Amino acid sequence: MDTSQLLRGVLDLAVLAALEKGDAYGYDIVRQLREQGLEGVAEASVYGTLRRLADGDFVSSYVKPSDAGPNRKYYTLTDLGHSKLNDDGKDWTRFSEIMAYLLAPRRNRS
Amino acid sequence: MITATSPAINEYLRKSVLALGDLPAPQRQSLLEEIELILTEVTAEIDGDPEALLGPPQRFVAELRTAAGYGTPVQLAPTERISARRLLGELTGLWIPAARRWLTELMYDLRPGWWVVRGYLLSFVFTAFTVLPRISWIGFVPVPTEVPLVGGAFALATMIASVVFGRRATGATRPHIRLVRLGLTLLAVAVALSLGTHAQDRTLFGMYAADPLLIMRDQPEPIPTTTMVWTEGTSAPDTRPPTTAVWPEVTFVPGLPVYELRTPDGMAFPAAADTLDDMWIELANMYPEEDLMVIDPEGGEHRFSSVDALLLWLGSTAGH
Numbered sequence: 016m017d018t019s020q021l022l023r024g025v026l027d028l029a030v031l032a033a034l035e036k037g038d039a040y041g042y043d044i045v046r047q048l049r050e051q052g053l054e055g056v057a058e059a060s061v062y063g064t065l066r067r068l069a070d071g072d073f074v075s076s077y078v079k080p081s082d083a084g085p086n087r088k089y090y091t092l093t094d095l096g097h098s099k100l101n102d103d104g105k106d107w108t109r110f111s112e113i114m115a116y117l118l119a120p121r122r123n124r125s
Numbered sequence: 093m094i095t096a097t098s099p100a101i102n103e104y105l106r107k108s109v110l111a112l113g114d115l116p117a118p119q120r121q122s123l124l125e126e127i128e129l130i131l132t133e134v135t136a137e138i139d140g141d142p143e144a145l146l147g148p149p150q151r152f153v154a155e156l157r158t159a160a161g162y163g164t165p166v167q168l169a170p171t172e173r174i175s176a177r178r179l180l181g182e183l184t185g186l187w188i189p190a191a192r193r194w195l196t197e198l199m200y201d202l203r204p205g206w207w208v209v210r211g212y213l214l215s216f217v218f219t220a221f222t223v224l225p226r227i228s229w230i231g232f233v234p235v236p237t238e239v240p241l242v243g244g245a246f247a248l249a250t251m252i253a254s255v256v257f258g259r260r261a262t263g264a265t266r267p268h269i270r271l272v273r274l275g276l277t278l279l280a281v282a283v284a285l286s287l288g289t290h291a292q293d294r295t296l297f298g299m300y301a302a303d304p305l306l307i308m309r310d311q312p313e314p315i316p317t318t319t320m321v322w323t324e325g326t327s328a329p330d331t332r333p334p335t336t337a338v339w340p341e342v343t344f345v346p347g348l349p350v351y352e353l354r355t356p357d358g359m360a361f362p363a364a365a366d367t368l369d370d371m372w373i374e375l376a377n378m379y380p381e382e383d384l385m386v387i388d389p390e391g392g393e394h395r396f397s398s399v400d401a402l403l404l405w406l407g408s409t410a411g412h
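The listed protein sequences correspond, in order, to chains A and B. Convert by adding 15 to the 1-based position in the first sequence; the result is the number in our numbering. Convert by adding 92 to the 1-based position in the second sequence; the result is the number in our numbering.
Please note that the accuracy of each hint is not assured.
Where chain B lies over chain A, by a calculated footprint (3+ residues, C-beta under 8 Å) [as the list claims (entries may be wrong)]: (1) 33 to 45; (2) 65 to 74; (3) 81 to 88; (4) 108 to 119.
Straight line, CA to CA, 25 Å or less: simulated SDA-like cross-link-like pairs of lysine to any residue [unchecked claim]: (5) 99/A / 83/A; (6) 88/A / 177/B; (7) 79/A / 196/B; (8) 88/A / 147/B; (9) 88/A / 281/B; (10) 79/A / 35/A; (11) 99/A / 20/A; (12) 88/A / 122/B; (13) 88/A / 260/B; (14) 105/A / 47/A; (15) 79/A / 107/B.
Bear in mind the hints are in silico, worked out from the structure with no lab data behind them. A quick note: this is a predicted structure, and the numbers were derived from the prediction, not measured. Glycine included, C-beta positions come from ideal geometry on N, C-alpha and C.
Construct the entire structure; sequences and hints are all you get.
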């Protein structure tokens, strides 16, 4: 199955969840998601998602100097972002439970 | 590491422009800046060519646009040609933003310096609210108390506070922080303008005040200018004990009316001027060449170009 299609639907949630752990810059989020198992996530998708979340005031950004390279644009969750993460997180949990329930007989058979 | 000005990044940006051509100019420009930031960030993390790291620019931009909610790029038909005007426009659109980005980065790099300057300037503002508002002309350090060293420490503290605030407020998007930052900036600029206006006066007065002012009393007696004080809007003599161990302390409040310039035991200069600023200029221009001056009891002025000449004159006067 092409997981990129699945990922597209939940990338907002994944990015918000990554930012809940702390402020991070774009590539840092890409790295976090890949380390958590979303190896197929593309840089462009994460950066584009961040931009859309920023347009919707779910995240805000600030530039921070870096000792190891150029200045980096850090993102942080806004109150609206926290609220969205909470709501969407509940939806996703419910959805995944339904899917797990639907797939359970199949898993038992195999 | 590939820098923001590297040919590889510029080439990637140039190709990216073509995939943004159907967007309105502000959106296109904004996305282009975003792409440059991404390229800089990614190439700082992993050494390599942007195209090898992120894929072909057209595909990268298409994915970025889709994820950002800006729709997919409108593909040009294979037979469609780009007009020379449009191409020129696109290329010009690269140079002007690049210059703007360079300027923005330069301003960003200079900000720590500005924070220090802002703290220094603001130290004068806080000083103005102390009981004895004054600005020492010695080294242009604000003096909120009688001790100049405290003024230096005070200025240092405000500079450090300004730097700390500057670091924390960097990139802040919260309205109240941005408002505070704007207010501090305007205040600092106002102080700078005020100081600039009076800098020349201070310099002139400093040259003058460095010379000892000698007053003839019953016997010829030099009175160092360290005992000379300004009285602000009052004829009451200053009761502070005279000190000869420090430089002259001169109260400086721009625009505040000053009626008299006094020594502890009598008026040295009746003020013809309305304000301290005017008096400063008047005093500074009064004796521009003489190093030393004596006023005798009849009000006669005697000027000397050296201490030896003065002592010689004092000796001859005392003999009479």
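Each hint tested on the structure:
Check on the region 33 to 45 of chain A: 3 of its residues sit with their Cβ under 8 Å from a Cβ of chain B, so the three-residue criterion for coverage holds. Counting residues of the region 65 to 74 of chain A whose CB falls under 8 Å from any CB of chain B gives 3; the rule of at least 3 is met. By the rule of at least three residues with a Cβ nearer than 8 Å to a Cβ of chain B, the coverage given for the region 81 to 88 of chain A holds, with 7 such residues. Remark: the region 108 to 119 of chain A is not confirmed as covered by chain B, as 0 of its residues place a Cβ nearer than 8 Å to a Cβ of that chain, below the required three.
For the suggested pair residue 99/A and residue 83/A, the alpha carbons sit about 33 Å apart, so the restraint of at most 25 Å is broken. Taking the CA atoms of residue 88/A and residue 177/B, the gap is near 34 Å; set against the 25 Å cutoff, the hint is violated. A distance of roughly 14 Å separates the Cα atoms of residue 79/A and residue 196/B; the hinted pair therefore holds under the 25 Å criterion. Restraint check: the Cα-Cα separation between residue 88/A and residue 147/B comes to about 22 Å, which is no more than 25 Å; the hinted pair holds.
A distance of roughly 29 Å separates the Cα atoms of residue 88/A and residue 281/B; the hinted pair therefore is violated under the 25 Å criterion. Simply put, residue 79/A and residue 35/A have alpha-carbon atoms about 18 Å apart, close enough for the 25 Å limit, and the pair holds. As the CA atoms of residue 99/A and residue 20/A are separated by approximately 21 Å, the hinted pair is consistent with the 25 Å bound. Our distance criterion of 25 Å between C-alpha atoms is met by residue 88/A and residue 122/B, whose separation comes to about 14 Å.
Between residue 88/A and residue 260/B the CA atoms are separated by roughly 15 Å; this keeps the pair inside 25 Å, and the hint holds. Distance hint between residue 105/A and residue 47/A is fulfilled; the C-alpha atoms sit about 22 Å from each other, no more than 25 Å. With a C-alpha separation of about 28 Å, the suggested pair residue 79/A and residue 107/B falls outside the 25 Å cut-off, and the hint is violated.
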